[in-house]
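Protein sequence lines correspond, in order, to chains A and B.
Number 230 in this note's numbering belongs to position 230 of the first sequence; there are no gaps in the numbering.
Number 55 in this note's numbering belongs to position 55 of the second sequence; there are no gaps in the numbering.
Some hints here could point you the wrong way.
As the list claims (entries may be wrong) - Examples of chain A residues lying across from chain B (beta carbon under 8 Å, computed):
{"id": "1", "residue": "I110"}
{"id": "2", "residue": "M143"}
{"id": "3", "residue": "V224"}
{"id": "4", "residue": "G317"}
{"id": "5", "residue": "I420"}
{"id": "6", "residue": "V476"}
{"id": "7", "residue": "V486"}
{"id": "8", "residue": "L489"}
{"id": "9", "residue": "N492"}
{"id": "10", "residue": "Y497"}
{"id": "11", "residue": "K500"}
{"id": "12", "residue": "R502"}
Hints are computed from structural coordinates only; laboratory data are not their basis.
Source: prediction; values computed, not measured.
All C-beta atoms in this analysis are idealised placements derived from N, C-alpha and C, irrespective of residue type, glycine included.
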Amino acid sequence: MHASTRHAALRTALIVGSLGLFLAAAAVASAQDPSASPGADASASPAAPSPTVAVEVAPNIPFDLVAPTATPAPLIPGPTAPPPIAHPSNGTTNTCYECHVSVNVQQRTIAEKWQASIHGQNGVGCADCHGGDPTSDRMGIAMDPEKGFIGKPDRLATVGVCGSCHSDPSVMKQYGLPTDQYAKYWTSVHGQQLLAKNDTQVAICIDCHGVHDVKKTTDPSAQVFAPNVPELCASCHADAKKMEPYGIPTNQYDVYKLSVHGKALLEDGDLRAPSCASCHGSHDAKPPTSDTVVNVCGSCHTTTEELYKQSRHAELGAAAPKCWTCHGTHDVTQPSARLFFHPTPPEYTCDTCHDLQNKTLRIELARFKNEQDRRCDSCHHPDSDIYAQVEAIDGALTVAQTAYDGAQAKIDEAAGYGMIVSDADVALSEAKTGIIQAQAAVHTTKLTLVAPPAAEAKKKADEAAAMAQAKLDETVFRRSAMVVVVVILLLNVVALYFVKRRIEHRA
Amino acid sequence: MTAETDLRPAPDLRPAPDGPGGWFESRTGIRELAAALLHVRIPVEARTMYFGGIALFLFMIQAGTGTLLALYYKPTPDAAYDSVISIMSNISFGWLIRSVHHWAANLMILFVVLHLLRVFFQAAFKRPRELTWLMGVGLLGITMVFGFTGYLLPWDQRAYWATVVGTEIAGSVPIIGEQLLLLLRGGADVTAATLSRFFGIHVLVLPIALAGLLAIHLTLVHQLGLANPKKIDPMPGPPPSSARKFFPDYVLDEVIAWYLIIAILVVLASIFPASVEAKANPLETPPETKPEWYFLAVYEFLKLVPKLIGILLPMVGLAILTIWPFLERSPEVLMRRRKIVVAFATFTLVVGIYLTGVGLGFFTVPEFLHFA
Chain A
1 MHASTRHAAL RTALIVGSLG LFLAAAAVAS AQDPSASPGA DASASPAAPS
51 PTVAVEVAPN IPFDLVAPTA TPAPLIPGPT APPPIAHPSN GTTNTCYECH
101 VSVNVQQRTI AEKWQASIHG QNGVGCADCH GGDPTSDRMG IAMDPEKGFI
151 GKPDRLATVG VCGSCHSDPS VMKQYGLPTD QYAKYWTSVH GQQLLAKNDT
201 QVAICIDCHG VHDVKKTTDP SAQVFAPNVP ELCASCHADA KKMEPYGIPT
251 NQYDVYKLSV HGKALLEDGD LRAPSCASCH GSHDAKPPTS DTVVNVCGSC
301 HTTTEELYKQ SRHAELGAAA PKCWTCHGTH DVTQPSARLF FHPTPPEYTC
351 DTCHDLQNKT LRIELARFKN EQDRRCDSCH HPDSDIYAQV EAIDGALTVA
401 QTAYDGAQAK IDEAAGYGMI VSDADVALSE AKTGIIQAQA AVHTTKLTLV
451 APPAAEAKKK ADEAAAMAQA KLDETVFRRS AMVVVVVILL LNVVALYFVK
501 RRIEHRA
Chain B
1 MTAETDLRPA PDLRPAPDGP GGWFESRTGI RELAAALLHV RIPVEARTMY
51 FGGIALFLFM IQAGTGTLLA LYYKPTPDAA YDSVISIMSN ISFGWLIRSV
101 HHWAANLMIL FVVLHLLRVF FQAAFKRPRE LTWLMGVGLL GITMVFGFTG
151 YLLPWDQRAY WATVVGTEIA GSVPIIGEQL LLLLRGGADV TAATLSRFFG
201 IHVLVLPIAL AGLLAIHLTL VHQLGLANPK KIDPMPGPPP SSARKFFPDY
251 VLDEVIAWYL IIAILVVLAS IFPASVEAKA NPLETPPETK PEWYFLAVYE
301 FLKLVPKLIG ILLPMVGLAI LTIWPFLERS PEVLMRRRKI VVAFATFTLV
351 VGIYLTGVGL GFFTVPEFLH FA
């Protein structure tokens, strides 16, 4: 029961990962469409035409989000992949290895790493990357530039060397590997930086996959194995000195480790949890823009994404609050009812939500920088209709959760007495399902969709509590009966003792 | 008490000829047999602490509660777990029957071991009681197999994985291990075949085997009487200088002890009813799997020493224990005249208790004692 509860909590975190999303979105929606009052189904009445929304991007916010209004710079096209390096080969001889393994410790280490690598195990030899003649045991011939020996390629050329095979379907088909990594790489922030500024500090293939010790991504010892990816990215992105030229923050890894995603992946080893690459991409790594972030989160949180699309928030288009508005980015934490309101309402001014000059809504990303500011009432004023709807939603969820917690406590107490509580556990798990459904429905911002599953959850929780109470009543009966039986037994013992004394006395 | 007292006739249980007892007696002639059975030679110095009688009583409880449980238990992987849940939740007093069965099983092992220790330290196994000892060790073995086979039957996670570990230990026995593992499991893994044979062994083979050995054991006790822990027993020489009546004196003491045992069982079953974990899942290994407490000493010993030693040493120890009456042949019964034996046995006992405590989490073995 307890282990399953823990797993359920994890699932909840993953599924309902964007619970408080509707907070800020409802703010924007309320300002535009007061008809979205409690019980109103926004989808039933056409919304007003979407306003022009100004979105300000504050400097140094941790979200790494690109404003949708900012015109992205055109991509610099990447070079065409060179053909695979040609070299003499008899298919079996690799004189490079035979010599280098005995040169010195450093060379032997390199040779042995290659031999154990996925390349070494699949016949991709030294000359496939370095050129030369691996059939000759004479160094002058084997490493002759005229034989195509290129030695250690520079970093830009290295991308081409890898891409020469990995973008060639005829080569990769036998391994069942995709061939789009090369093209994707040039679209990444890394590739573009390399192309635009010949910035060789940026990550290239070997920085993530290794040089001679390339491993499968499914190999747990590989740097690119999912649970190892955050640390791999952090090896550069947490290095303030390396990141200084780019002016980007370096605390993402530390923040991510404490997030619900980081804990699931790094502590629980849950491979379903996202690493950096899950949201940013791997070969095409780049920060998601605010207009794509719903799709990024929705690639895992599919149901939540569908619910969000039904909300008034989603109707606001690019200016709408997105997943990160309420849940953050690297610092996603377990959602709860705390996401509804500040302990005390914040101070509002007209320009909190409105661009007074253009008479449009606006959403300042910087306002959601801190977790404690990601609340519904960050945008929705306590006097607004939407605020009242949020209160009603919060109330429905709170009632269900309170009933659930009460039932859980009774079940735990009954289990503590050694009672079999599996039937109550089943009812409680049904209540949990209702709560999860209601929490997910919060993303629709509609009380009409939140209230029914919340009410069903309360009903099931009450049933579970009644079952657990019956068990507790049973324990009282058992213990009372136990006392009676033990007293009778002890009376028998006393009686027998006197019989024994009498017999001994007679003897 | 005098020698004359010792030779007094067996209790006169003769019923009135015209009563119902007389009617029955005239048709069975049981009086002579009953009188003979109720006459056991008991020196006044004997201190049995009633361990053996309590173990016998617990076996009777197990037979009774086990029969009731078998009425509702379904020995298949699909149904076993649910049937146990049903016994605990739906069947009237099912929880009590199963909980008493559970606790009586544990107490039975405890009292059989206590009985063995009592006999060992009092040297009650010595001539002419070697065969009684042999039967007793056999009964201990059967009792432990009872525990091992019964442990699987609820088919929950704890039962399943404890059986996986237990049978794997059996599979590590040199030479015959692989065959023994297959024999125990009925295949390579713990499956429906394992559950079927464990159930069959638990409710058919073991009760018959235990009843048979018990009959021999009790017959020998009846024939030889109880040993005197203070003096070298003259058997088969003249009777001891003093004796105590088996019936009603000794039997009455036993019955009082049995009443107390019932009271203990009722309290344990009411306050700590037998539990059930999640249904067995062969694909989900629990974080920690441990055998029952009576196997913990061997289990912990296995962790401390090389595997072969960990397997062989307990087996050799059990073999030595079995034939001990033929190894310690001096007639001395007083502990002060058996110092080496008593010291070694005490040391072994303390180590066993310590390792059991380690298994229960009370102690941690120092690093320098890890030889594995």
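Do the hints match the structure? See the list:
1. I110: violated (38 Å)
2. M143: Not OK, violated: M143(A) not within 8 Å of chain B, min 52 Å.
3. V224: This hint is violated: V224(A) lies away from chain B, its Cβ roughly 28 Å from the closest one there, beyond 8 Å.
4. G317: violated (46 Å)
5. I420: holds (5 Å)
6. V476: violated (11 Å)
7. V486: Holds: closest Cβ of chain B sits about 5 Å from V486(A), inside 8 Å.
8. L489: holds (4 Å)
9. N492: holds (5 Å)
10. Y497: holds (7 Å)
11. K500: For K500(A), the interface hint holds, since the closest Cβ of chain B sits about 5 Å away, which is under 8 Å.
12. R502: violated (10 Å)
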